[in-house]
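A.B. asks: Next come the chains, spelled out residue by residue.
2 protein chains.
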Amino acid sequence: MSRKEFRDLAAPEEAHATIADLDVGGGSEIVSLAEASGRVLAERVDAGLDVPGFDRSALDGYALRARDTFGASEGDPAEFSIVGTVEAGERPAVEIGNEEAVEIATGAVMPDDADAMVPVERTEEVEDGLLVRTSVTPGENVMAAGADIAAGERALGPGTRLTAREIGLLSALGVDEVPVRAKPRVGIVSTGDELVRPGEAVDSGRGQIYDVNSYTTAAGVKEAGGEPVVYPHAGDDMDAMERVLRKAADECDLVLSSGSTSASAVDVVYHVIDEQGELLLHGVAIKPGKPMLVGRLAGAAYVGLPGYPVSALSIFRTFVAPAIRRAAGQSEPATATVEAWMANRERYEGGRRRLVPVGLVADGSGEMLAYPVDKGSGATTSLVEADGIVEMPADVNYLDEGERVTVELFSPEVRPPTLFGVGEDDPLVSRLLDRLDRPRYLGQGSRGGQRWLRDGVADVAVSSVTEAEVGIDLGGWTREWGLVVPDGNPDGVEGLADLVDREVRFVNRPTESGLRTSLANALADLADERGVERHELVESIDGFEFTLEAHESPARRVLAGDADVGLGLRATAAKLGCGFIPVGSERVAVLANPERTDKPGVEELEAELDEIDDLLDELPGYGR
Amino acid sequence: MSRKEFRDLAAPEEAHATIADLDVGGGSEIVSLAEASGRVLAERVDAGLDVPGFDRSALDGYALRARDTFGASEGDPAEFSIVGTVEAGERPAVEIGNEEAVEIATGAVMPDDADAMVPVERTEEVEDGLLVRTSVTPGENVMAAGADIAAGERALGPGTRLTAREIGLLSALGVDEVPVRAKPRVGIVSTGDELVRPGEAVDSGRGQIYDVNSYTTAAGVKEAGGEPVVYPHAGDDMDAMERVLRKAADECDLVLSSGSTSASAVDVVYHVIDEQGELLLHGVAIKPGKPMLVGRLAGAAYVGLPGYPVSALSIFRTFVAPAIRRAAGQSEPATATVEAWMANRERYEGGRRRLVPVGLVADGSGEMLAYPVDKGSGATTSLVEADGIVEMPADVNYLDEGERVTVELFSPEVRPPTLFGVGEDDPLVSRLLDRLDRPRYLGQGSRGGQRWLRDGVADVAVSSVTEAEVGIDLGGWTREWGLVVPDGNPDGVEGLADLVDREVRFVNRPTESGLRTSLANALADLADERGVERHELVESIDGFEFTLEAHESPARRVLAGDADVGLGLRATAAKLGCGFIPVGSERVAVLANPERTDKPGVEELEAELDEIDDLLDELPGYGR
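Protein sequence lines, in the order shown, are assigned to chains U and G.
First residue of the first sequence: 1, per this note's numbering; consecutive thereafter.
First residue of the second sequence: 625, per this note's numbering; consecutive thereafter.
These are computed hints drawn from the structure, not numbers from a lab.
Some hints could be false.
[Stated by the list, open to error] From the structure, some residues in chain G lie toward chain U, with a derived Cβ separation under 8 Å:
no. : residue
1   : G783
2   : A788
3   : A1003
4   : L1033
5   : D1079
6   : G1080
7   : F1170
8   : S1177
Using N, Cα and C, we set each Cβ at its ideal position, and we do this for glycine too.
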């Protein structure tokens, strides 16, 4: 396979320039006023008529000739005869002579020959007419035709974003449809034999995964003002891929390919663009995002995004979204930044500019701490666990703990969580968090929670391991744990001893987990009982070292028939319809950072901890 | 007409509280992932499966048993035989034994018995196998099943706003539809016999005007996350109004009435709510916006907005939009504020809290100046000429020139104009502005422009009156002016003398306008010629004091048959197909504030002034 040589990765600035030179569409279209909100005007709109279209009474009162009021005052009113009435929306049916007045409503047409009006508060109706207790000048309390805007005047210029306010002016002008910048059509082609659309069944054994990039990219295109068109998957087959790419290029202004990380898919896309179109750039010196393609295909602009979701979205946000916004006439969103202190040291050696995703947490004094969020290439949870980006120049090798950094938020709407907790993955915690406003929680187990708390990053830890006093106990609950077995307990497992003495396949939790510590303690008791060393028992358990990250995972493994016994909670066994052999009960405590007990999110959590009786009832094996 | 007594206007805080107590809808609905962008999650989403669903190779390379690499290094590689290949998206068809390796692609399923992988860069294929030049630990370069997120773990909490990032996580979980907060349905009823929908013909003689509030309110509802339902107009008839209001109340969560300012329409709405529903609040101590109604009707919440568009939108933004956002689960947008200096003194005496709309302009040093925008009740252009609001407490009677104020921008996206110009309403100016990025321009005539420039508010003035040197001349053009007559000149008007000597109905421009000055000068010349005083000539002109605001207005009056001769430009006569009798030519100059010639918007304008040859060609009677 011979590739055109792009020896050096392009500098990010060069990638920006290359994409800026592409034609990403635009043009204009006519939309109805009701659909125009948020769109951008493509042409100037001049007023086609006068607003108001007639001399208009500004108040309720009486229309008359101003000169007939000259000299009138509270003590010396002028006298008028009332010769008629004009309501809003009717043609004046009367003419006005000297010392004659017409009752007139706000917004009504001034009669001919009336040149001013007096508000009703300054008048008095008497038996044979009207007393006017003030003098008015010609034009007073009248909005002249065209005074708001007159026919021929410039109303709105091209490039104006249409909000409620601009739509108000357009409707006043009687405009019911407007020329707006067309939304660039952006075709999204995801590649890779292993991708499955959400909603369909995925076969994990075959290595199938759900397509993420099509959805993140489509949402990003929409947010940038474009119209996403998601094409059916192309496999890794050259012909099929070429057909889909060409169809997308024919129908769209810009084609984005994304999806598979497999080398074969990337190679196929590369060849289609290189041979059928024009390849302008291959690779950019930024992390995440290196393997980016820029080119043209069949009259459309083309950008190939990296395969991993975090990289794809990062490249999309940095390089592609600005081009879509430009084509759509949308202005760049205000960049929202936050100054923060690095909570941990972050190393990196690589020589590429790096965009480090970080989460934010406010410390006790309201200062912001930033901690790197890096769950490894291919993790999708890091998409939602970060609040923004810290940029590391190519020649910087680390960010030090306590270093001052500027965090560029993902959008101006991003606000740091009100509460940042780390600890046990527990079904009561999940439900408790639902009652809080914008919490963030990382399920890193009891030991992980204590570590994040001790490091001064987390506001609270949720921990069932209470050996060390690392925080202030805000409250907690107990949960019954034991062995999860298939429904009906077909192996007749009766307790921990069966794990040691019988041939059953066990699934454990990792050492970070509270249940793992409780299991270790129970095994130590069993070893004492038998007068043997604990490690002897452990070595007899088939699968003791086979651990799964999340609290339901061992039970699910049992449910799937891939194990006989899993470490878990009675609540989990009940939820999944499994059998359960109780071993013990442990207390789970919510521990607060002593310097953050006054933080509103922590106070909110402490208050909710008093109100968990319904959750305790809902979860079998839970109690105070 | 007896009204329930609401003696005192409610404090704004009371109005907020009353609206907060209303049930403005909400609930939840299921939407597809493709439609979920921007919506707010109604329920917690837990992972229903492990991501990844299998132990996944993180790189291209070789899967093997870690223990077989122990001790291997660059100089002392371990040897393996290659027993197969696994691509992404396929089920591994091989088993691995001691010192065996399988070629594996990024994202592919790890074969059973392989517990680590070595990237291709650290290996070398040799004739009879593979050299591995590094040692790896169990699990290295492998993403374990569930390591990203495991089945049963909390993925996203209720209240989460779904952006591209959250949609990425949901798609990774295979979720193709999500429960989101329903958009509150907001019925919009506009009232008033005089209202006409944009796009239909308006009969100004009958006092008809276009409906503005339905459109601004609908756009505002959409921006706040609600779903607007615009109902057909109700007239001022009690039965018809009641039918429409009840229908809207049956079908919607919240009904907003708005539209007419006529007392009768307001009274009818008041009676429907008071008699058929429940009236909770009538009148709020804020300006603009006093006549606000809050209540309930047939199970729906109800808010009556004032009639004038600026007041209606202000009350909507201040009191109603937050309630819609709450019901939709959308968070309050970040309040964007700007500190500014008042450019003018603004007086107000009234005892109500006042929201003063202001425009913003950056001065030469980048400081912001705020000037009040108040074109009087009922003006719709003030909707777009302001950037935000300065709040004046009820007990403050004025804002002083030079006072420091905080301007709350209408939205975080609002940015002050790049250029602020005031002056002649001129067709070349309109076109020139189209070439600039976000200019603002007020057509206040030559004298108005000079005044705003002299006061240090405007960046530039566009003026044909060059008596006083008030700014730096950046360039300009000449325009031919004269008398606009009906096509074919049926009255045989030959020049200014005919206005004086014959019975023709003339339409003039106001004294602010440059043409008015040119006309005055030409009449002075005629008076000299005739050896009379100018005022004698002026007094003989029928309509000399009848002035219209905008540059096309006199010509349009002639076109409509309501006048015989109008003061205007050759370009206007040509555009409207009228006859034209030339009188003179005047120079229009663009004058810059001497302290702002370095402002980018001013520099941009100066550059564009050199490029107006096409505009001069396009406009008859224009030249250098």
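A.B. asks: Give a verdict on every hint.
C.D. replies: Each hint, compared with the structure:
Interface restraint check: G783 of chain G against chain U, minimum CB-CB distance 7 Å, threshold 8 Å, status holds. Of the supplied interface hints, the one on A788 of chain G holds, with its beta-carbon coming within about 4 Å of a beta-carbon of chain U, less than 8 Å. Hint on A1003 of chain G holds. Least Cβ distance to chain U is approximately 5 Å, under the 8 Å limit. Hint status for L1033 of chain G relative to chain U: violated, with the closest Cβ pair at about 10 Å, above 8 Å.
A cut of 8 Å between beta carbons decides the hint on D1079 of chain G: the least distance to chain U is about 22 Å, and the hint is violated. With 8 Å as the threshold, the beta carbon of G1080 of chain G stays out of range of chain U, its nearest partner Cβ sitting at about 24 Å, so the hint is violated. For F1170 of chain G, the interface hint is violated, the least distance from its beta-carbon to any beta-carbon of chain U being 11 Å, above 8 Å. Proximity of S1177 of chain G to chain U holds as hinted, the smallest CB-CB distance being about 5 Å (cut-off 8 Å).
Hint compliance for this structure: hints 4, 5, 6 and 7 are broken, all remaining hints hold.
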